[in-house]
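> Residue strings, one per chain:
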Amino acid sequence: MSRVITVLMDLSEQDASFRYTVDALDHAVAAASSDVVVRIVRTDEIDVLGDGVVIGPGSPYRDAAAAEDVIRTAREKGLPLVGT
Amino acid sequence: MLVEHARNVMGIEAASHAEYGGPGVPVVSLLSCSLVESEIEISITPGTRLAQIHPGESRRIERTHCNYGLAPDFAYIASGGGMRISAVDDTSEVRAVERSEHTFFFGALYQPQRTSSRDHPHPVWTSFVRAVQG
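So the protein sequences, as listed, match chains H and A. Everything in the first sequence is counted per the numbering used here, starting at 1 for the first residue and increasing by one. Everything in the second sequence is counted per the numbering used here, starting at 1001 for the first residue and increasing by one.
If we strip away everything but chain H, and leave its shape as in the complex, we get (with noise of 0.2 Å):
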């Protein structure tokens, strides 16, 4: 099964930062040759978390309490993280 990033964004799909942070995504899984699967997830519907996040630009995000507990549940289970 592939393995899942979830990028949490609350940015349009028009806004350039959505389409830097989509795209550069991109290029990394072509690069790694990976069958990850990235998901873009707004703050307020917050789901399963997958194998790893990304804590999207765009803030205030539309539910920071959410982004926080994703923070620390990335922290302490050891899941990969990148917040930007």
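If you are wondering where the hints come from, they were derived from the structure by calculation, not from laboratory data. Do not rely on the hints blindly, as some may be mistaken.
Covered stretches of chain A (chain H as the covering partner; in silico rule of three or more C-beta atoms under 8 Å from a C-beta of chain H) [stated by the list, open to error]:
(1) 1015 to 1022
(2) 1070 to 1078
(3) 1100 to 1109
Example chain A residues on the side facing chain H (calculated, C-beta under 7 Å, incomplete) [stated by the list, open to error]:
(4) Asn1008
(5) Met1010
(6) Thr1045
(7) Thr1048
(8) His1054
(9) Gly1056
(10) Asp1089
(11) Ser1092
(12) Arg1114
(13) Arg1118
To list a few chain A residues with every Cβ distance to chain H over 12 Å, as calculated [said to hold, decoys possible]:
(14) Pro1046
(15) Gln1052
(16) Glu1057
(17) Ile1085
Beta carbons: idealized from backbone N, C-alpha and C, even for Gly.
On the provided structure of chain H, position chain A as indicated by the hints.
This is chain A only, laid out in the frame that chain H set:
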């Protein structure tokens, strides 16, 4: 990341982010100089994961798009509780942090995605994807 670290690791229970307003201790505050659509030169801390990600590079140019950063009075939290400074800018302000004992836990006050391309993926993102793959 910095607010979570301040609250749950460094014991600053009232830690807050100035962008959200309200009560609390803003460990993340408005930058004195906006870094929206800017470039900064970072100095990478030797021995860190970021140094491993950028072998042979002690300094590099990165692009930014933010108005907030670690408040000067709380700069010390970036070097405590398992967190360490990965990079600073030319004013010695913290621009990237990581957790030393974690598989991959990295935060930047710049956007490495802004200098990535299909021909030259940014090493932070390729390293992250490899960490996710395990």
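> A separate judgement is required for each hint: does it hold in the structure or not?
These are the hints, each one checked on the structure:
1. As drawn, the segment 1015 to 1022 of chain A meets chain H at 3 residues by the rule of a beta-carbon pair under 8 Å; at three or more, the given contact holds.
2. Counting residues of the segment 1070 to 1078 of chain A whose CB lies closer than 8 Å to any CB of chain H gives 0, so the stated coverage by that chain is violated, three being the minimum.
3. Counting residues of the segment 1100 to 1109 of chain A whose C-beta lies closer than 8 Å to any C-beta of chain H gives 7; at least three are required, and the coverage claim holds.
4. Here the hint on Asn1008/A is kept, as its CB sits about 6 Å from the closest CB of chain H, short of 7 Å.
5. Because the beta carbon of Met1010/A sits about 12 Å from the nearest beta carbon in chain H, more than 7 Å, this interface hint is broken.
6. Interface hint status for Thr1045/A: violated, as the beta-carbon distance to the closest one in chain H is roughly 17 Å, over 7 Å.
7. Violation of the interface hint for Thr1048/A is found here, the shortest Cβ-Cβ separation to chain H being roughly 15 Å, above the 7 Å cut-off.
8. Given hint, His1054/A at the interface with chain H, is violated; its Cβ is 15 Å from that chain's nearest Cβ, farther than 7 Å.
9. At a threshold of 7 Å, the smallest CB-CB gap from Gly1056/A to chain H is about 19 Å, leaving the interface hint violated.
10. A distance limit of 7 Å between C-beta atoms decides the matter here; for Asp1089/A the minimum to chain H is near 15 Å, and the interface restraint is violated.
11. Interface hint at Ser1092/A: violated, since its Cβ lies 21 Å from the closest Cβ of chain H, which is beyond the 7 Å cut-off.
12. Hint status for Arg1114/A: holds, given a least beta-carbon distance of 5 Å to chain H, under 7 Å.
13. Given hint, Arg1118/A at the interface with chain H, holds; its Cβ is 5 Å from that chain's nearest Cβ, closer than 7 Å.
14. Listed as a non-interface residue, Pro1046/A keeps its Cβ farther than 12 Å from every Cβ of chain H; the least gap is roughly 21 Å.
15. Listed as outside the interface, Gln1052/A is consistent with that label: its C-beta sits roughly 14 Å from the nearest C-beta of chain H, beyond the 12 Å cut-off.
16. The beta carbon of Glu1057/A sits about 18 Å from the closest Cβ of chain H, which is more than 12 Å, so the claim that it is off the interface holds.
17. Every CB of chain H is more than 12 Å from the CB of Ile1085/A (nearest about 15 Å), matching its label as outside the interface.
When held up to the earlier numbered hints, the structure conflicts with 2, 5, 6, 7, 8, 9, 10, 11 and fits the remainder.
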